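> For reference, the chains in residue letters:
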Amino acid sequence: MAFYRAHILVDTGPPAMLKGAMAVKAALIEEIKRRGLDNEIKVVETGDLGVRGGGPALVIYPEGITYAGVTTADVPEIVEEHLVKGRQVKRLVYSETTPGVVETTERPRSKEMRIILKNVGVIDPTSIEEYIAAGGYEAVGKTLTKMTPEQVIAEIKASQLKGRGGAAFPTGLKWEFTAKAQGREKAVVCNADEGEPGNFKDRLILEGDPHQIIEGMIIAGYAVGAHEGFVYIRGEYHQAAAIMERAIGLAREMGLLGKNILESGFNFDIQVLRGAGAYICGEETALLESIEGKRGQSRMKPPFPPTYGLMGSPTVVNNVETFCNVPHIILNGADWFTAIGTGQSKGTKILTPCGDVLLPGAYEVPFGVTLREVLYNMAGGTKSGKDIKAVMMGGPSGIVVDSGSLDRRLCAEDLQPGAGALIVVDVDKCMVDTMVNVAKFFYHESCGQCVPCREGTKRMLETLSWWASGAGSESDIKMLEQLANTMSLSSKCGLGQFAGVAFKSSLPLFADEYRAHVVDKVCPTGVCPMDRVLEEVN
Amino acid sequence: MAQVRIKIDGQDVVCEAGSTILQAAQSAGIYIPTLCYHADLMPEGVCRVCSVEVKGQRTLCAACCFPVTDGMEVLTHTPKVRESRRMIVELMLANHPQECLTCSKNQKCELQKFAKELGISDIRFKGERRAYDIDASSPIIRDPDKCILCGRCVRTCDDLQGIGTLHPAYRGWKTLVVPGLGGDMSDVVCVNCGQCINRCPTGALKAKDPAPEIWDAIYDPTKHVVVQTAPAVRASIGEEFGLPPGTRVTKKMVTALKMLGFDRVMDTDFTADLTIMEEGSELIQRIKEGGVLPQITSCSPGWIKFIEYYYPELLPHVSTCKSPQQMFGALAKTYYAQKMKIDPKDIVSVSIMPCTAKKFECERPEMYSSGYKDVDYVLTTREAAGMMKEAGIDLPNLRESEYDDPLGMSTGAAVIFGNTGGVMEAALRTAYALITGHELEKVEIEAVRGMEGVREATIQVGDLPVKAAVAHGLANARQVLEGIKSGRFADYHFIEIMCCPGGCIGGGGQPQPTNEEIRKARTRAIYDEDEAMTIRRSHENPAVQKLYEEFLGHPLSHKSHELLHTHYTPRERRSIRHRAAERADAGSEPKTTKADHSKKVRVD
Amino acid sequence: MIPLLRDIQAEVGYLSPEIMETVAEHLGTTVGQVHGVATFYTLFSTKPQGRYVIRLCDSPPCHLEGSAAIRKAVENELGISEGETTEDGLFTLETVSCLGVCGVSPAMMVNDDVYGNLTPESIPEIINRYREGD
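Chains as they are written, first to last, in my numbering: chain A, 1 to 538; chain B, 1 to 604; chain C, 1 to 134.
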């Protein structure tokens, strides 16, 4: 591989593509060639940089400067100024500006620790060579040639890695159950359904560093004795699926998937499967039902997938990010991993602040950083500059906290970040309106099997909608609280169990605002119509 | 089997490893309420009524699904549990029509039972309720508004009967149990077995009840109304009056029917004996002349419709004999009419059956052999009891009466038609005599009795080892038919297939609830009834012999063929396309019209 | 079954009764199973849809960033409401749950294309791209 002094990574994620990212890339290549610099400067496509702004974006290394809103007309200037003369083109440097408010010139990454996201936005995700050059597949090599399955499980257990999809179940334990379970044709399933609103970290990894996932799955398969892997990618993630398919094909060509991987005698192959639009299929047993060609209805648990999974065989179901942690743990050791994070939450977590924040995006931090550090130091505070009213921890299925929790630490001991989304609501928004929207989500996504969830999500939406239209009554508050309790205690699966959590947790924090709606028939923020008219929900 | 010790409500319970909490509780006589759970079906755990507290578990657990582990501590009625249960039932009631008073399941509804048991006095959720159309296009009437989505009918149709017509569609609050492509029952594969009705906890599924028309006929002085009673009914109708399952009430039932005003109370058992004569002769003929073997029985109309849908190529195996119900109907308006000098057009022929498929059977175009509709109305056991109650008849305390002639006399062989294996046993009792010229030493043929899904036996009939098989429930029927195709049953002579689990005593028209214990009790009663009869073999029935002498001539005669035999029709499984397409274009999405609101409505 | 239905949905545009029956026969299952799956998942439709299906995200991050205004803009531009198809058969409008591009909310998809950072003003231009492409 030639030695390049600079790399330009062009964002070719879905939002950027439609704004002409490819044209910009082509213009860059042409300009660089025209100036005879093509042996020194490499232009590559990369995944969604998660940059907010208009138009295509790119990152130039080694400086790590991000330019956004780049047009083909800007290309000659970028090449001339930045690549030849070493001067930043300030007007294009990524910043989010709202007239009259905060202007930042650089994306703060102070406490960020990009281990999983190390390659995202850096390497060409369609190149397996670049992944390998960056240290990829070394962990697979070490695992298959130097470790036994038991040693792998022991290492993962010692690392105290917990699931990154929101449930935080100890991964080593899950693998151990699966390894010990009776059954042929065990399977490894990667849950890339990522339906929890506010979360897009898995998409970034799928689009930006798919081989990391493959590596984690191969190691998992080896550890539990499975030879088949499946990546279940939600139906809406077209580009992610295409990139993953390509990556799998390249891995096969290199003998890293298929029979007798690295002459170890271990066979493992991966297939991409697609969802068809159902949040419930992010629940592991509903996901398995979907793979089996059925309605995505969760199964009764126990038995759990490690005992009875895909087609009844023992199955490991883990989140994308969880798998990505595995190669690093294998290479660097459990001790290295446990040194990061807190007592009960080891390693890093990718967080995606979004909603009313200035700089929504994916930030990878060690467990234990405070909410304030992420939302203000990294994500730039609120877009409006006003105070934060509430944050949904992990998504609408997580608890709601108010600004009083900003200095709490994101870890199991204090404030859990769930799957990673931090949906920020500023003081101009109405909690009732927000809760109606949350209720609408669960109403649409409930599979409909069990009574508490099917009927409960409907009644929550109905009642909260009445509040927003000024037709609520005070007794509703207690009624909904009891309903939320029943849902969390009796629902058949996590969807129903957590559908009422946001509302219930918000009750003590925003009691006055709720009472204003149902007793005084007033919406303090003026958001709710309060016109005693009900909108039809389909 | 390994044993496990747990505690339920502080009580020590020992149970088998692999049991669920519910099974453990039931074995110890501890009550846990259930709704979607049914003993005949695999548990789904969707109603969550059976939720209980299990020490160490984050949420409540569904007792019907949760497996026991050694040392488990379960609490079934804590405040947390009771509150959840109440809320769950309250939620169901909030989405349910409030018409208990006029509902067919009034006093027998399981949801109503919980409303009472949990002391629900207010339904706080006063919003939208389901508003679907009733589907009365087939003998099985669907009222989706009353459905609580327990899934019992789905599991019954799918797992028990192997047909899978009823299934959940759409998602979330709009989930609906629908047949086929979301249209009407008449547009899909449905054999009308009514097993779904038997297990429905509410009034969402019921059969079309002809009681109003029958009352009219009874009170019409110009009409002569005859009624026939199926074998299974006499051992089951008592349950509708609070008698324990397996109480025989034959002669009281006859009295009750006379009190209702039927002009003649006769017995399907008579034509059951007749069926044996015809079918036994048919079997012997096939054996002697190299006809299609194995021969399969044809008295179960749900089974007949099943083979017409799924295995029409095997129809030549099916006996051409009609069912006893239809043979009776044909004779009622010919032989009986002539004997009694009544104009057949004035005869209204009613049957009381444990079966809902009989309602479909009497409508078949072939069933007009008498020149009129052979059987006009079919009442299920439940519906007949309903008429009796309406008339203030207290069945358990009536005196006994005898059936009327000439179609009222029967033998023990006839009554066992009600059980799975009964037709086979009755046929063998007669075939033995017809072939060897002697009688079987022991009239009971244990080899074909029992509840296993598919049973086989070889009975030595003189020089001929007759290979016989018996199946009940359509999932088992399918197995047998596949076995015929694969050659496994190729050298068999005679196979009995009953559509319903347990045979007719488990029929779709029988009293609810149903479970294996209850079916066993009814089965026992039928065998007791057989034992108590003086004549145990069909060919010894003097009334049947007289029928042949006076009217039919001999089995398989021309007249017999005319009146007592039939043919079958292969059926298309696909829905009627243009109707389905029309419906799809019109929008196969479920319609819910809001009770109080239209698109944008003021809320006051 | 789901991969098969996805392919057919992409080719034909919807899953008609005939298609569902054929799939059932092909897979050796009941038509009810196919219908149950076809009506469960958001990306399947049992009714004909427009050539372009617009899927507006209405989950919390997009809602907070103004998806309601986007919806009104789309409805105005197309003259249809949610669940409807334009008379020329070009566009069907649906509101869906989180699309997973929350960094650029409010967002929507038009068939496989993703649009983020939407403003009501940007809607007509996006729609026209498809009108012209027709």
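Calculated from the structure, these hints are not laboratory results.
Do not rely on the hints blindly, as some may be mistaken.
To be verified - From the derived model, a few chain B residues whose C-beta atoms are all more than 10 Å from chain C: (1) 121; (2) 293; (3) 366; (4) 399; (5) 574.
As the list claims (entries may be wrong) - Partner residues are not named here, just some residues of chain A that face chain C (Cβ under 10 Å, in silico): (6) 44; (7) 160; (8) 163; (9) 167; (10) 198; (11) 281; (12) 361; (13) 426; (14) 516.
Stated by the list, open to error - For the chain B half of the interface with chain A, some residues (derived, Cβ under 10 Å), not all of them: (15) 51; (16) 55; (17) 62; (18) 87; (19) 92; (20) 97; (21) 98; (22) 175; (23) 342; (24) 345; (25) 434; (26) 437; (27) 520; (28) 524.
Predicted model only: the values in this text are computed from it and were never measured.
All C-beta atoms, glycine included, are put in the ideal place defined by N, C-alpha and C.
> Now tell me if each hint is right for this structure.
Consistency of the hints with the structure:
Every CB of chain C is more than 10 Å from the CB of residue 121 (chain B) (nearest about 37 Å), matching its label as outside the interface. The beta carbon of residue 293 (chain B) sits about 29 Å from the closest Cβ of chain C, which is more than 10 Å, so the claim that it is off the interface holds. Listed as a non-interface residue, residue 366 (chain B) keeps its Cβ farther than 10 Å from every Cβ of chain C; the least gap is roughly 28 Å. No beta-carbon of chain C comes within 10 Å of the beta-carbon of residue 399 (chain B); the shortest separation is about 50 Å.
Against the 10 Å criterion, residue 574 (chain B) falls within the reach of chain C, whose nearest CB is about 5 Å from its own CB. The criterion of a C-beta within 10 Å of any C-beta in chain C is not met by residue 44 (chain A), whose closest approach is roughly 21 Å, and the hint is violated. At its closest, the beta carbon of residue 160 (chain A) sits 29 Å from a beta carbon of chain C; the interface hint therefore is violated under the 10 Å criterion. Look at residue 163 (chain A): its Cβ only gets to about 19 Å from chain C, farther than 10 Å, so that hint breaks.
A hinted interface residue such as residue 167 (chain A) counts as satisfied when its beta carbon comes closer than 10 Å to some beta carbon of chain C; here the least separation is about 18 Å, so the hint is violated. This hint holds: residue 198 (chain A) has a C-beta 5 Å from the nearest C-beta of chain C, less than the 10 Å allowed. The restraint placing residue 281 (chain A) at the interface with chain C holds, with a minimum CB-CB distance near 9 Å, inside the 10 Å limit. At a threshold of 10 Å, the smallest CB-CB gap from residue 361 (chain A) to chain C is about 5 Å, leaving the interface hint in force.
Given the 10 Å rule on beta carbons, the hint for residue 426 (chain A) holds: about 8 Å separates it from the nearest Cβ of chain C. Evaluation of the residue 516 (chain A) hint against chain C yields a violated restraint, the C-beta minimum of about 20 Å exceeding 10 Å. A distance limit of 10 Å between C-beta atoms decides the matter here; for residue 51 (chain B) the minimum to chain A is near 5 Å, and the interface restraint holds. Interface hint status for residue 55 (chain B): violated, as the beta-carbon distance to the closest one in chain A is roughly 15 Å, over 10 Å.
Of the supplied interface hints, the one on residue 62 (chain B) holds, with its beta-carbon coming within about 7 Å of a beta-carbon of chain A, less than 10 Å. With its C-beta approaching chain A no nearer than about 4 Å, residue 87 (chain B) sits inside the 10 Å limit, and its interface hint holds. Proximity of residue 92 (chain B) to chain A holds as hinted, the smallest CB-CB distance being about 6 Å (cut-off 10 Å). Nearest Cβ of chain A to the Cβ of residue 97 (chain B): about 15 Å, over the 10 Å cut. The hint is violated.
The restraint placing residue 98 (chain B) at the interface with chain A is violated, with a minimum CB-CB distance near 16 Å, outside the 10 Å limit. Hint status for residue 175 (chain B): holds, given a least beta-carbon distance of 3 Å to chain A, under 10 Å. A hinted interface residue such as residue 342 (chain B) counts as satisfied when its beta carbon comes closer than 10 Å to some beta carbon of chain A; here the least separation is about 56 Å, so the hint is violated. Interface hint at residue 345 (chain B): violated, since its Cβ lies 53 Å from the closest Cβ of chain A, which is beyond the 10 Å cut-off.
Proximity of residue 434 (chain B) to chain A is violated relative to the hint, the smallest CB-CB distance being about 51 Å (cut-off 10 Å). Of the supplied interface hints, the one on residue 437 (chain B) is violated, with its beta-carbon coming no nearer than about 56 Å to a beta-carbon of chain A, more than 10 Å. This hint is violated: residue 520 (chain B) has a C-beta 29 Å from the nearest C-beta of chain A, more than the 10 Å allowed. The beta carbon of residue 524 (chain B) is not positioned within 10 Å of any beta carbon in chain A (closest approach about 35 Å), and the interface hint is therefore violated.
Of the numbered hints listed earlier, those contradicted by the structure are 5, 6, 7, 8, 9, 14, 16, 20, 21, 23, 24, 25, 26, 27, 28.
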